[in-house]
Amino acid sequence: MSDPITQAGTPAPRPGDDKPRPGMSERSIGLLGDRKKARLDELARASAADRGGISLFRDAVRRLRRNPVAIVGATIVGLFVLMAIFAPLIAPHDPVQRFDELTKNLTVDTIPGASGEFPLGSDPLGRDFLSRMIYGARQTLFVGVLATLIGLALGVLIGAIAGAFGGWIDVVLMRLTDVMLALPSLLLAITLVAMASRSSQWTVIFAVAIVSVPIFARLLRGSMLAQRESDHVLAARALGVKERNIVLRHMLPNSLTAVIVQATLTFAVAILDAAALSFLGLGDPDINRAEWGLMLGVDGQRYFEVRPELAYYPALAIIVVALGFTLLGEAMREAIDPKNRR
Amino acid sequence: MSLLDVRDLSVVFQRRGERPFTAVDKVSFTVEPGQTVGLVGESGCGKSVTSLAIMGLLPKRGNKVTGEVLFEDTDLLKLRPDDMRDRRGREISMIFQDPLSSLNPVIPIGVQVAEVLERHQGRDRKQALREARDLLDAVGIPDPQRRLSEYPHQISGGMRQRALIAIALACKPRLLIADEPTTALDVTIQAQILTLLKQLVDETGTALVMITHDLGVVAGLCDTVNVLYGGKVVERARRHELFAHARHPYTHGLLNSVPRLDSPRGERLHAIRGSVSDNIPWAEGCAFAPRCDNVVDACLEGPPPLEPTATGGDLRCNNPVSEEVAVR
Numbered sequence: 118m119s120d121p122i123t124q125a126g127t128p129a130p131r132p133g134d135d136k137p138r139p140g141m142s143e144r145s146i147g148l149l150g151d152r153k154k155a156r157l158d159e160l161a162r163a164s165a166a167d168r169g170g171i172s173l174f175r176d177a178v179r180r181l182r183r184n185p186v187a188i189v190g191a192t193i194v195g196l197f198v199l200m201a202i203f204a205p206l207i208a209p210h211d212p213v214q215r216f217d218e219l220t221k222n223l224t225v226d227t228i229p230g231a232s233g234e235f236p237l238g239s240d241p242l243g244r245d246f247l248s249r250m251i252y253g254a255r256q257t258l259f260v261g262v263l264a265t266l267i268g269l270a271l272g273v274l275i276g277a278i279a280g281a282f283g284g285w286i287d288v289v290l291m292r293l294t295d296v297m298l299a300l301p302s303l304l305l306a307i308t309l310v311a312m313a314s315r316s317s318q319w320t321v322i323f324a325v326a327i328v329s330v331p332i333f334a335r336l337l338r339g340s341m342l343a344q345r346e347s348d349h350v351l352a353a354r355a356l357g358v359k360e361r362n363i364v365l366r367h368m369l370p371n372s373l374t375a376v377i378v379q380a381t382l383t384f385a386v387a388i389l390d391a392a393a394l395s396f397l398g399l400g401d402p403d404i405n406r407a408e409w410g411l412m413l414g415v416d417g418q419r420y421f422e423v424r425p426e427l428a429y430y431p432a433l434a435i436i437v438v439a440l441g442f443t444l445l446g447e448a449m450r451e452a453i454d455p456k457n458r459r
Numbered sequence: 480m481s482l483l484d485v486r487d488l489s490v491v492f493q494r495r496g497e498r499p500f501t502a503v504d505k506v507s508f509t510v511e512p513g514q515t516v517g518l519v520g521e522s523g524c525g526k527s528v529t530s531l532a533i534m535g536l537l538p539k540r541g542n543k544v545t546g547e548v549l550f551e552d553t554d555l556l557k558l559r560p561d562d563m564r565d566r567r568g569r570e571i572s573m574i575f576q577d578p579l580s581s582l583n584p585v586i587p588i589g590v591q592v593a594e595v596l597e598r599h600q601g602r603d604r605k606q607a608l609r610e611a612r613d614l615l616d617a618v619g620i621p622d623p624q625r626r627l628s629e630y631p632h633q634i635s636g637g638m639r640q641r642a643l644i645a646i647a648l649a650c651k652p653r654l655l656i657a658d659e660p661t662t663a664l665d666v667t668i669q670a671q672i673l674t675l676l677k678q679l680v681d682e683t684g685t686a687l688v689m690i691t692h693d694l695g696v697v698a699g700l701c702d703t704v705n706v707l708y709g710g711k712v713v714e715r716a717r718r719h720e721l722f723a724h725a726r727h728p729y730t731h732g733l734l735n736s737v738p739r740l741d742s743p744r745g746e747r748l749h750a751i752r753g754s755v756s757d758n759i760p761w762a763e764g765c766a767f768a769p770r771c772d773n774v775v776d777a778c779l780e781g782p783p784p785l786e787p788t789a790t791g792g793d794l795r796c797n798n799p800v801s802e803e804v805a806v807r
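As given, the protein sequences belong to chains A and B, one line each in that order. Convert by adding 117 to the 1-based position in the first sequence; the result is the number in this note's numbering. Convert by adding 479 to the 1-based position in the second sequence; the result is the number in this note's numbering.
No lab work stands behind these hints: they were computed from the structure. Heads up, the beta-carbon is just placed ideally off N, CA and C, and yes, glycines get one too. Just to be clear, a hint being listed does not mean it is correct.
[Said to hold, decoys possible] Restraint ranges, calculated between C-beta atoms of paired labels, are given here:
| hint | chain 1 | residue 1 | chain 2 | residue 2 | range |
| --- | --- | --- | --- | --- | --- |
| 1 | A | Ser314 | B | Lys557 | 57 to 63 Å |
| 2 | B | Lys651 | A | Lys359 | 54 to 60 Å |
| 3 | B | Asp562 | A | Val189 | 56 to 62 Å |
| 4 | A | Thr192 | B | Lys651 | 53 to 59 Å |
| 5 | A | Gly339 | B | Leu556 | 31 to 37 Å |
| 6 | A | Arg292 | B | Pro512 | 48 to 54 Å |
| 7 | B | Lys651 | A | Arg179 | 35 to 41 Å |
| 8 | A | Arg179 | B | Glu551 | 46 to 52 Å |
| 9 | B | Pro538 | A | Arg361 | 55 to 61 Å |
| 10 | A | Lys359 | B | Gln671 | 31 to 37 Å |
[Stated by the list, open to error] Quick look at which bits of chain B chain A covers, simulated, 3 or more residues with Cβ under 8 Å:
| hint | region |
| --- | --- |
| 11 | 580-590 |
| 12 | 606-615 |
[To be verified] With a Cα cut of at most 20 Å, we get these calculated EDC-like pairs of lysine to aspartate or glutamate:
| hint | chain 1 | residue 1 | chain 2 | residue 2 |
| --- | --- | --- | --- | --- |
| 13 | A | Lys359 | B | Asp562 |
| 14 | A | Lys359 | B | Asp772 |
| 15 | A | Lys359 | B | Asp603 |
| 16 | B | Lys651 | B | Glu570 |
Looking at chain B on its own, in the form it has when it is part of the complex:
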């Protein structure tokens, strides 16, 4: 049994007077206990909306969420709001992109860590603060006793993200969703935070869904990677398979557009043609077709199906990059 089994999850934004927009289109993926799964794609591909839908945090108004989100065989989408609230922070936690704005500016760090312990573990404030200090210590915040009484604006960006990780992992959840946890941090801190996350999920056996557009993050952390484009999974593969033999032209293009230390001086960076807005509805064909180098007639005759590959992944492409062509 998978820890998390997302089946045909769709999110449609419905605004009065506007055409409905399908942000997430029948996305399916699974997360095994203790596994780290990546959701990768560029801005607007639906990765954040997917995570908010799993957490049940999308506003009720204007959003239609369909499909199933099975967490240990319970469909989270069918839970009463109160039941879901009891699970959030205890069984499933989430870390957001911007550590400063994700912390309450008028409450000391210690109280913010304590709050989740009081909420889910029934601790009193004193006991919760003691545990909060240990948690801050565990995420590598120096002088945790003093940090307890400090406010978010008084500590550095890296420390804020560490504090948020401490809050998210306070109740030892079985699943942690990290939505671009390192985007707002500078490069050296990014590496530290990723190392910390990896170490903590390894120690506690927490499964991790890593949402990112940074392929470096995926390479260092994820067991399995789902590449999203236009709200659909276009390729799914084990990490090494993906980096060695990306089959989907989009994934292939993404990997080729990463700057490399060993590329010849003066060589221009590879770029995928066009922009995210140059897509066609999936009903018409492959959304990536207008930007694709490998486009064939079939790409404009309806959506290509997601089919298993020989290497154990899945691929949604009529004319994939051949397996022999390694990424550059």
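One chain only, chain A, in its complex shape:
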């Protein structure tokens, strides 16, 4: 009887595998050689780039840089961020100062338009509109970033607890988020702001943050549950890794990608929501603060027939910055998805 090992073992090398096959012309071998050479060079370059551990994050960044959508999004966002940071240098005037040249021409029916020193003209209080637009980037991005970060932090906390513990804790937390998701987000934000005794920019930030919490929580909880059943978590259990480390080192880092992408998208929504609250008169009551939503809602609306530019520019700015973040978010979603890895 022959031994079964020989049957299941390695196939014997076939003789002549590496010799050129008969019937192949010299020319075709030459062509193949060229193509092979190009391929070799390409591979060598790729592996040179690969040398050393490339984390998922760096891998994603590399793919982002090749995606035109990401570049457009990042450029838009980058410009607005620069504008926010360097507002004092870029803005031609102090955004809160009322200029005599402008106020003297202000009436109920006329708001001065562009003139040499004031490229976008005046706002209804005789302040430089361009400077207020530039400072508005600061305020708008600040509210958006902070609201998103707070929402992200709370959402990750709730989602991680629900996903890690499961059982009744999961049920209670998820029913709570269900209730929040059931209400239209803007309505919920309006309610939250209305509940605050004194509105300030913090009530806006907080309201917008709370609205984004359930989405983050649900997303993270979902991927945590998927991770809980994954092979590498089972493998970690088989090695006796402590439950705390299983959650913190094995489940959480693998679950965060979806949430990070969502954060970029939430950012656009947060800016829109904050603008909407200001528009509805529920925002920051400080008349000196330049904020696009406020400018669009109060001045733009009230003086739309006198000077529609007061509405156009803030509206355009909000749309463009939200678009920038949405493009970036979509590109990140694609870049981070492991199925797209090349």
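Since chain A is already given, all that's left is putting chain B on it; use the hints.
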């Protein structure tokens, strides 16, 4: 004293609204120190569930595990979860089927090897990483220093399985359970990994429980083989006994269905009739009876007992293949 003595291990899946399903039915086997024992059977015969039950890795909900798993006379099933966690990875390790999904995709290989050393040997990260490099070297990973900082998706399937073996053997466990460690690898790599496993268990004196459906793996590696069918051991024999004189019709059929280099051209591969789902509950008779060529009346009158054979094995069959009939 056996290193591992599994006695009447049963696992019953209990889902609300469904009839309980017995995945593992009073399985008993022993593993001596340094020995390699095979658990063989087709999909759904309970081999993976057996290993997860031994490791205490089955979810508490919906599973009822009974019997005894004596590891050096300690019943693992009665240990507190924390005590069991301390033993996993240190005294008993396990290797899984798919090396890619068994590694954490966002942590470098080196840190994953180091983690188990930090957990069980109290090493700090620096020391653990140094040892991790030596471990990777020992399992034949080239350029181990560089691999330490690489991520699982950057190395090949064979290397991933080597890394997993390094992790499993990092704390020099006395028992290693390998659940189809070569199924996800291609044939040439399979041979390498099996050779490596054999070499490592020989060097370290680690006992190995090899779970597989691949008889080639059994033939090359195992001292003793347990053949499972429908959650029960149907035949147990020394490796050479099993391959030379398989007594149970199921084992006999399995061996005959392996393609051979010396079979005449054009001959059809032998197949066992029916499929795994064509079985009857053990309470009614032999689960294999509907597919069996040797079925007799007694096979439908209750489960046949597992009885010792003349050659030192055990057999659960009313009408075994005669000892004179060699496998083809």
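To see whether the hints hold, each was checked on the structure:
no.	hint	verdict
1	Ser314/A x Lys557/B: 57 to 63 Å	59 Å, holds
2	Lys651/B x Lys359/A: 54 to 60 Å	21 Å, violated
3	Asp562/B x Val189/A: 56 to 62 Å	57 Å, holds
4	Thr192/A x Lys651/B: 53 to 59 Å	56 Å, holds
5	Gly339/A x Leu556/B: 31 to 37 Å	33 Å, holds
6	Arg292/A x Pro512/B: 48 to 54 Å	53 Å, holds
7	Lys651/B x Arg179/A: 35 to 41 Å	40 Å, holds
8	Arg179/A x Glu551/B: 46 to 52 Å	51 Å, holds
9	Pro538/B x Arg361/A: 55 to 61 Å	19 Å, violated
10	Lys359/A x Gln671/B: 31 to 37 Å	33 Å, holds
11	580-590	holds (count 8)
12	606-615	violated (count 0)
13	Lys359/A x Asp562/B	11 Å, holds
14	Lys359/A x Asp772/B	50 Å, violated
15	Lys359/A x Asp603/B	16 Å, holds
16	Lys651/B x Glu570/B	7 Å, holds
Checked against the numbered hints listed earlier, the structure breaks hints 2, 9, 12, 14; every other hint is satisfied.
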